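Undergrad: Chain by chain, the residues:
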Amino acid sequence: MQQSGPIDCDVHPSVPSLAALMPYLDDLWRDTAVRRGMDELNTISYPSRSPLTVRADWRDDAGKAATTPQALAAQALAPFGTRLAICNCLYGAQALFSEDMGAAFARAINDWIAREWLDRDDRLRASIVVPMQNPELAVDEINRVAADRRFVQVLLLAGGDQPLGKRHWWPIYAAAERHGLPVGIHAGSTYRHPVTPVGWPSYYTEDYVNQAPSMQTQLTSMVAEGVFTRHPALTVVLMESGVTWLPAYLWRLTKFWKGLRAEIPWVSDPPISVVRERVRLTLQPFDGPPDAATVMRVMEHIGSDEVLLFSTDYPHWQFDGLDAIPAGLDPGLAQKIMAENPLRTYPRLQQTAHTETVA
Amino acid sequence: MNVDVLNRSGIQPAAASKVGIADGDVHPRPAGAGIGGVSKSLYPYLSKRWQEHVESFGAIYRQPWEKGSAYIKGQPQASRRDAFPPGGMPGSDLAFMQKQHLDPNNVVLGILNPLTSGQGTQNPELSAALTHATNEWEVAEWTSRDSRLRASVVVPYEDAVASVKEIELRAPDANFAQVLLLSRTAEPLGQRRYWPIYEAAAAAGLPIGVHAFGYGGWPITTGGWGSFYLEEMVGHAQAQQALLISMIFEGVFERIPNLKVVLIEAGVAWGASLAWRMDRQWTKLKAETPHLKMLPSEYMRRNVWFTTQPIEEPEPREHLAEAIEWLGWDRVLFATDYPHWDFDDPAHALPIRMTEAQRRAVFLENAKSVYRLL
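Protein sequence lines correspond, in order, to chains C and H.
For the first sequence, counting from 1, position 14 maps to 14 in my numbering; every step adds exactly one.
To convert a position in the second sequence, counted from 1, into my numbering, add 359.
Any given hint might turn out to be false.
Said to hold, decoys possible - Chain C is nowhere near these chain H residues, computed Cβ spacing over 12 Å in every case: (1) ILE419; (2) LYS426; (3) PHE443; (4) LEU461; (5) SER503; (6) ARG507; (7) GLN640; (8) ARG719; (9) LYS727.
To be verified - Quick list of the computed label-pair ranges, beta carbon to beta carbon: (10) C:THR229 / H:SER406: 50 to 56 Å; (11) C:ASP60 / H:ARG661: 38 to 44 Å; (12) C:ASN143 / H:GLU414: 55 to 61 Å; (13) H:ILE419 / C:GLY63: 46 to 52 Å; (14) C:SER304 / H:ALA530: 39 to 45 Å; (15) H:PRO555 / C:PRO51: 30 to 36 Å; (16) H:LYS652 / C:GLY63: 28 to 34 Å; (17) H:ARG661 / C:ALA327: 25 to 31 Å.
None of these hints come from the bench; they were simulated from the model.
Source: prediction; values computed, not measured.
C-beta atoms are modelled at their ideal positions from N, C-alpha and C, and glycine is treated no differently.
Work the whole structure out from these sequences, hints included.
TA: Structural data, given as structure tokens:
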């Protein structure tokens, strides 16, 4: 394994089509997909043609990107000298209403990632896609896949059936903790509920901008329900939803914790400390101010040099050229964000990649 | 006796030296017991038809309980323990409010935001009748008795036609300083069903105040209903972010450039970060919303204000001053939320270094300017 270079904590291999998953589905689900004329499960969180979904200079002739490890390596790894990258597949299997179908497609995605991506480029790691429809089935999938140590995280979407702090999800957190896997919560939703607390928006732009407040309400749920108290070894990574909202959010959360902590007596430490210790955020899309001096002030407000993790969010269009690191970051902080923080967050990244694979 | 006593002869009593302040969020409520969620002290302003309706059916909202809030509050009536007048409910007694809050805190301008006014009740005609009655009551029992107070036009906002009618009725009346909406609406507030309300408010020169709470029926999180009152309280910030995102991207401020929106009781410090995020994403996605002619942050800078309570409390405190600086000192209106439990005391709530001009702006001048009371 290459010993230097950044670690990219959020890249998105794209399922080129449902057909690509067919070899990884068993007979029942393969027949189901064919007989019932299933459509692609591309999610409205990332409309295929949206300028944000794929940066223009990364699109291939078919308008897609990140459909092969070669393309990902050429566009996302080589230009940044990236040492390791974590693949978060955003195909919409979590939104299927059938629990069994959700589990079948999660299995297929994980096996497809292992065979078609991890086996072909040893710089790649991946998050375990789980059927959010049913925590029991999700735990089965974590237990099945976790033996392959190239899977370094459990992937959830910000929006599911229930708030992410609820007991409903705790078996997933227990399994992740047991296997030494952080839980990564990524922008996106199963759309069981609107993405805002005031109903369904009109524009895609609103949906995307609202991913930051969505992440905040979910973090409130996790803190308030005591997820961090109950799972002392669990790390939570918030992915692709900005970072500069964190200070103001934590000031407010901590103020209300002071006023209302009798309601949640199991949260004995101030939320601002809990979150700085246990929660990490990926860098892109960086939601910072335009000027470098203010970026430095915001970093000071975040209050810890350990919470941010480098990401390009490839192939989403968040920056142009190679400007993945915002101007204004102190070089020492940038260095921590690029490698040291990811290595600390993901214990499995520190281990030499080996070839044990999914059975 | 060998006791050193501070010579106080040259020191003024605190009240006399205090600068007058504006309070952008004061909550009056009708006195007395309510039937079906409606106080009998509103009856003088409610027709017989609606009095009978209330007594037979009550007022129902998109929430489970007949009485009280969906989330159980942290304390009775979500109020300061010392804010209950003898035998009454917090905020129901003007004389008590004057003595406890308006006089000692030297409030020279208090914006009244009634929260139990029939807004969000499901029967649209009842909502129109109750809000109308509440407006009558605000003038008869509050602003006509204390010249420091200004009323909000409460409107049945899920019905724009009825809301416009109420705004037009109140527009010539100087007792009213703003049109009040609650934040948790049936649809995001930028959507066109609400535009006539904004057009009428702008035509009348009245800002739109959007106060936390409401009954839209949607959960705070993208993943459904949280368990705790704390989640709802923290979540008012995200709810107001969502409605602001909606108003900006739907083009409300492009369509009505002179509309003023005051976001009440949802925080201040998140404003800058949201502006940065909106600008960065809109720059890439603007083909979807070509009706916007400026950056989202520019609409925010021109059309939107924020009340302070519950003010964020960072450590170190100076971070709050920076957060306000990024938002603009002219955007922030001081508010106490009297008589609620999370009341911000004007003597202690903003322990940050401010210039005299900044202090005057936040505590008085911005409110006078927004509410056109200069």
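Undergrad: State for each hint whether it applies.
TA: The hints, checked one at a time:
1. ILE419: Holds: least Cβ distance 19 Å, greater than 12 Å.
2. LYS426: Nearest chain C Cβ is 20 Å from LYS426 of chain H, so the label holds.
3. PHE443: holds (19 Å)
4. LEU461: holds (24 Å)
5. SER503: Holds: least Cβ distance 35 Å, greater than 12 Å.
6. ARG507: Check passes; 28 Å lies beyond 12 Å.
7. GLN640: Check fails; 5 Å does not lie beyond 12 Å.
8. ARG719: holds (25 Å)
9. LYS727: holds (27 Å)
10. C:THR229 / H:SER406: 50 to 56 Å: Hint holds: Cβ distance 54 Å, inside 50 to 56 Å.
11. C:ASP60 / H:ARG661: 38 to 44 Å: Because 42 Å falls inside the window, the suggested range holds.
12. C:ASN143 / H:GLU414: 55 to 61 Å: holds (60 Å)
13. H:ILE419 / C:GLY63: 46 to 52 Å: At roughly 50 Å between Cβ atoms, GLY63 of chain C and ILE419 of chain H fall inside 46 to 52 Å, so the hint holds.
14. C:SER304 / H:ALA530: 39 to 45 Å: violated (51 Å)
15. H:PRO555 / C:PRO51: 30 to 36 Å: holds (33 Å)
16. H:LYS652 / C:GLY63: 28 to 34 Å: holds (30 Å)
17. H:ARG661 / C:ALA327: 25 to 31 Å: Cβ of ARG661 of chain H to Cβ of ALA327 of chain C: about 27 Å, so the range 25 to 31 Å holds.
Checked against the numbered hints above, the structure violates hints 7 and 14; every other hint is satisfied.
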